[in-house]
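S.K.: Please arrange chains B, C and D on chain A, whose structure you already have, making use of the hints.
Quick mapping for you: the protein sequence lines, in order, are chains A, B, C and D.
Under the numbering used here, think of the first position of the first sequence as 3, with each following residue one higher.
Under the numbering used here, think of the first position of the second sequence as 3, with each following residue one higher.
Under the numbering used here, think of the first position of the third sequence as 3, with each following residue one higher.
Under the numbering used here, think of the first position of the fourth sequence as 3, with each following residue one higher.
Treat the hints as calculated values from the structure; they're not laboratory data.
Don't take each hint at face value.
One copy or two, either will do: identical chains are not told apart, so a pair holds if it fits within one copy or between any two.
With a straight-line cut-off of 25 angstroms between C-alpha atoms, the simulated SDA-like cross-links for lysine to any residue are [what the hints assert, rightly or not]: (1) K147 x T182; (2) K60 x D167; (3) K136 x D122; (4) K135 x A22; (5) K152 x F217; (6) K111 x E219; (7) K118 x S204; (8) K66 x N80; (9) K151 x I62; (10) K118 x Q214; (11) K66 x G91; (12) K4 x N25; (13) K18 x K152; (14) K118 x K197; (15) K6 x S204; (16) K88 x N163; (17) K147 x T77; (18) K197 x F134; (19) K88 x D122; (20) K197 x L175.
4 protein chains.
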Amino acid sequence: MKIKYGIIGCSGRMGKEIAAVMNEAGHQLVFSAASNYENMTERPGLLIDFSFAAASEKTIGYAKKFGCPLVTGVTGLNAEQIAGLKEYGLSCAVVQSYNYSVGIQMLIKCSEMLVKQLPDWDVEISETHHRFKKDKPSGTALMLKDALKKNVNISSLRLGNVAGDHTVYFGGLGEVISLTHSATSRRTFAEGVLKSAEFAVSAEPGFYSFSQVLFGE
Amino acid sequence: MKIKYGIIGCSGRMGKEIAAVMNEAGHQLVFSAASNYENMTERPGLLIDFSFAAASEKTIGYAKKFGCPLVTGVTGLNAEQIAGLKEYGLSCAVVQSYNYSVGIQMLIKCSEMLVKQLPDWDVEISETHHRFKKDKPSGTALMLKDALKKNVNISSLRLGNVAGDHTVYFGGLGEVISLTHSATSRRTFAEGVLKSAEFAVSAEPGFYSFSQVLFGE
Amino acid sequence: MKIKYGIIGCSGRMGKEIAAVMNEAGHQLVFSAASNYENMTERPGLLIDFSFAAASEKTIGYAKKFGCPLVTGVTGLNAEQIAGLKEYGLSCAVVQSYNYSVGIQMLIKCSEMLVKQLPDWDVEISETHHRFKKDKPSGTALMLKDALKKNVNISSLRLGNVAGDHTVYFGGLGEVISLTHSATSRRTFAEGVLKSAEFAVSAEPGFYSFSQVLFGE
Amino acid sequence: MKIKYGIIGCSGRMGKEIAAVMNEAGHQLVFSAASNYENMTERPGLLIDFSFAAASEKTIGYAKKFGCPLVTGVTGLNAEQIAGLKEYGLSCAVVQSYNYSVGIQMLIKCSEMLVKQLPDWDVEISETHHRFKKDKPSGTALMLKDALKKNVNISSLRLGNVAGDHTVYFGGLGEVISLTHSATSRRTFAEGVLKSAEFAVSAEPGFYSFSQVLFGE
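Chain A with its partners taken away, still in its complex shape (with noise of 0.2 angstroms):
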């Protein structure tokens, strides 16, 4: 199904990545919008959000305004503004996520895996990005925090333009593991998106994580 779609933060990198993928699969973007920029030549069926957290408001305004599917990957989002996109989702279908590679979600996979099989074993995160990042740690890092319910030490290394690598160790008196995800175009993450978008426009209203996405859990 050929999808028209806006984007929200359509001169960011991210932005620009999502439309050339999402217009190679065939969908196509009708609505675009920047801080200081809109230009809209039909009516959404379904927005894709990658500006910033504090333009969270002025996304959901935009939802309603067209009633459709929103997928977001805007990072550092506080409860409020996550309280915002919930409420959204009663009426339709919210994918959010911090992070939209598949690798990034088997890694959260593998690790919650570990984390409940090997108990009292020691946990480490380390994540290493391009020098112009500008969060410190990285919002997958925290995701992969989260998931692993445990109070564990992030390191954050800056290395001229990596993409985004991302270890979570674990270590026991004799041996560790260590489960390791590495972007290597921000490509991927582009794809991740646009499996959400075709997953949201048939879903149910709700509130979607992106494993939920992929594995409907």
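M.R.: Chains B, C and D only, in chain A's frame:
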């Protein structure tokens, strides 16, 4: 529960390490045997065998005499010796494995999950061991390959006195996941034996793998 | 100094990347050639060749016609083609390398130092590239092996769309050193070409390696 | 030459390992001291200190009493304690290092080369040690930072019983170089102490680094 246990192969490196770990956990060594040695202070309620395949019959003889569960880490067992252990498993719990590290079992579980969820990703295995290791690839790398049920390339590196590192890589277009296990001491295997011992003393008769001890399957 | 330059192999991925980086640095593309294409707006003062070994003679023909320095990153050159470049180097500066990343040159320098200081340590090389790469091992891994002047085992992994990772391992009894280079974008090679171009236009006639461009030796 | 030596910090893990390696090499332990313990069978011709910075004054007291060379691997020394060692170096050879592995010295050499050749690259250090290690970051990580002469961020991970891993990362736009040293046994440090001990007993008075012991500079 405090276990009064015996060790066959008590003078080997693993035998000593196991005794240390079992005693730390509050269990009591009451029977020791080696090729030309035997000492019993009390009748054991469990036997641990880390001797040699050739002594397999003798071990089963001891087990029958004491009528107690058996945990064996003896390597290179032939079909007949395995059959003997399985037969004994009809009357008492027997745990048998060539590798008692919890971490390697976890690496296998994670790898099985990933290969199932990411069927079109590339998979590679690499292993690094000390320069004195004669077999190439390692038995554990072959175990990993078996678990993946795929024709996976194995790279083998031989370096200094590395105890043993194994990595399984999964590569998609845009991301790579790598799962690494590093053995940092022999103690880890002794702890797997401890877990198996505590499992065996309260298990129904049966022939169990180390994976069943850990995960029930 | 602003260089008016030409690119042979202008339509390839490297050709385009190089043009972008050269133009950002203020240089001006005045001549472009590909297999069935040629366009000249002005006579170039430097040629960059990222086409194919088979076109080597044609490239030297262009260079002779313009009487200008040449920077070549063409791979798989045979002895005769190298000889042709060296001969042209008698009248104009020629820079030739199979790898224009500064980091790989540094990896070579470090590896040469370690192999000299740690003669009795084990050495291993591993390289990881995208699944589409046809040669195995990579040309860069072979360059590293040559630099080590030792018969070193090379492990090759093929995973997703990895741009290119190379590791040299040194293993002693009690410690392991590993030196890893990861390419995170093709741009890094284009920047090496830029450095070589700026070197070539003011260099004496000669046949130079990329190491000579960077370190003078 | 057979050395009659003493160890201060004889009951620690390093103290025991050093005694084993020194004795294997034919040297003789004649003096042992720990916080509340002292035992002398003969006057030592060399002292090895692997106790604590707080005991530094006491150690120099012993050295003065015996008038013998000193090899110290005590970590966390303050400026005053270093000054005390230097002063003692005016009369007897003193070797001082926070790390006695050859590999770490090589890591430093490589890092110094890279930081000089790649001045605009980002640099990060990470270190991983066993959960029982009290200081954070490790003395070795601080040594690496000093060698880099840059204000570098250090990430510290504490996992199981890892003997000690150190990585120095260099990140440019388009490539990352990482240099990793992993200790696979504590013995490697004891062997560096042995080398230093044999150096110290025949050296002129002076304050020496382990790099000077190994490379004369």
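S.K.: Evaluate each hint against the coordinates.
M.R.: Hint check:
| no. | hint | verdict |
| --- | --- | --- |
| 1 | K147 x T182 | both (14 angstroms within a copy, 19 angstroms between copies) |
| 2 | K60 x D167 | neither (31 angstroms within a copy, 43 angstroms between copies) |
| 3 | K136 x D122 | between (34 angstroms within a copy, 19 angstroms between copies) |
| 4 | K135 x A22 | both (22 angstroms within a copy, 23 angstroms between copies) |
| 5 | K152 x F217 | both (23 angstroms within a copy, 22 angstroms between copies) |
| 6 | K111 x E219 | both (11 angstroms within a copy, 19 angstroms between copies) |
| 7 | K118 x S204 | between (34 angstroms within a copy, 23 angstroms between copies) |
| 8 | K66 x N80 | within (20 angstroms within a copy, 64 angstroms between copies) |
| 9 | K151 x I62 | neither (30 angstroms within a copy, 45 angstroms between copies) |
| 10 | K118 x Q214 | both (21 angstroms within a copy, 16 angstroms between copies) |
| 11 | K66 x G91 | within (11 angstroms within a copy, 65 angstroms between copies) |
| 12 | K4 x N25 | within (10 angstroms within a copy, 40 angstroms between copies) |
| 13 | K18 x K152 | neither (36 angstroms within a copy, 35 angstroms between copies) |
| 14 | K118 x K197 | between (29 angstroms within a copy, 16 angstroms between copies) |
| 15 | K6 x S204 | within (13 angstroms within a copy, 56 angstroms between copies) |
| 16 | K88 x N163 | neither (34 angstroms within a copy, 36 angstroms between copies) |
| 17 | K147 x T77 | within (15 angstroms within a copy, 33 angstroms between copies) |
| 18 | K197 x F134 | between (27 angstroms within a copy, 24 angstroms between copies) |
| 19 | K88 x D122 | neither (35 angstroms within a copy, 33 angstroms between copies) |
| 20 | K197 x L175 | between (40 angstroms within a copy, 14 angstroms between copies) |
Hint violations for this structure: numbers 2, 9, 13, 16 and 19, all remaining hints satisfied.
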